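A.B. asks: Sequence:
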Amino acid sequence: MVQAIDDKTQKIENLARIAADLFPKLDATEKKIALRLYKGLSEGKAVSPGVLASELGLPNERVRRFLSDWPGVDFDAEKNVVGFWGLSLSETNHQFEVYGRDLYTWCAWDTLFIPQLLQKTAKVHSACPVTGERLSLIITPKEVRDPRPSEIVLSFITPEAAKVQQDVVQHFCQYVHFFASADAGAHWVSQHPETFLLSLKDAFVLGQLKNKIRFAGTSL
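Using this note's numbering, the letters of the sequence shown correspond one by one to residues 1399 to 1618.
Worth flagging that the hints you see were computed from the coordinates, not collected in a lab.
Values in this document were obtained by computation on a predicted structure and should not be read as measured data.
For each residue, glycine too, the CB sits at the ideal point set by N, CA and C.
Do not rely on the hints blindly, as some may be mistaken.
Claimed, not checked - Heads up, simulated DSSO-like pairs for lysine-lysine below, C-alpha to C-alpha not over 30 Å straight-line:
1) Lys1540 - Lys1477
2) Lys1437 - Lys1599
3) Lys1518 - Lys1599
4) Lys1409 - Lys1610
5) Lys1409 - Lys1477
6) Lys1540 - Lys1518
7) Lys1561 - Lys1409
8) Lys1599 - Lys1477
To be verified - FRET-style restraints, in silico, Cβ to Cβ:
9) Ile1536 - Gln1568: 28 to 36 Å
10) Lys1443 - Asp1581: 37 to 45 Å
11) Ile1536 - Asp1581: 48 to 56 Å
12) Gln1568 - Asp1544: 17 to 25 Å
13) Ile1536 - Val1449: 45 to 53 Å
14) Ile1536 - Val1567: 23 to 31 Å
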């Protein structure tokens, strides 16, 4: 039993390192930009790079270059940010409610780690792609609460950096879903053999570890 627990812990830690290394490492300034951008999107409106730079006391060009050079950033027609590393203003299958504002995430796992980055609690609504059953849960910066149904599990895939940087939705997000039960998840995974299932608890811990690595040196 101890060996099994140790093996699972090692697997989660390895996955966290892989996930944290999907994109180039952030310096201290870039970490500030990323966290402030998440906060701006959580307010339910597109984020102007110029306003973001002003709020952080940084040169406009520094912020614009960071955003334009990085994958995983979505812009509207006015070049304002409407999606960033999992958090989006555009509708998806994963509704992410913060302070009564309806936001969305690109995949199920995003809902589990973004609340810690925002330091806010989120109400999450999704649907099982196998049964069609509506799913809901509450994610705080520290824990998962009130999953309905209680048997919710999550599919996952070991990401490849080169593919994810090319298109994170196509090569990662489309494989990461909530399921109403382990049986429903196992049915889907059997048709997608490169994927595997995680419990809600393990997926949440994975997100926390990824954040810790990705944003080392911040207040998280």
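A.B. asks: Which of the numbered hints above does this structure break?
C.D. replies: Hint check: 1, 5, 8, 11, 12, 13 fail, others pass.
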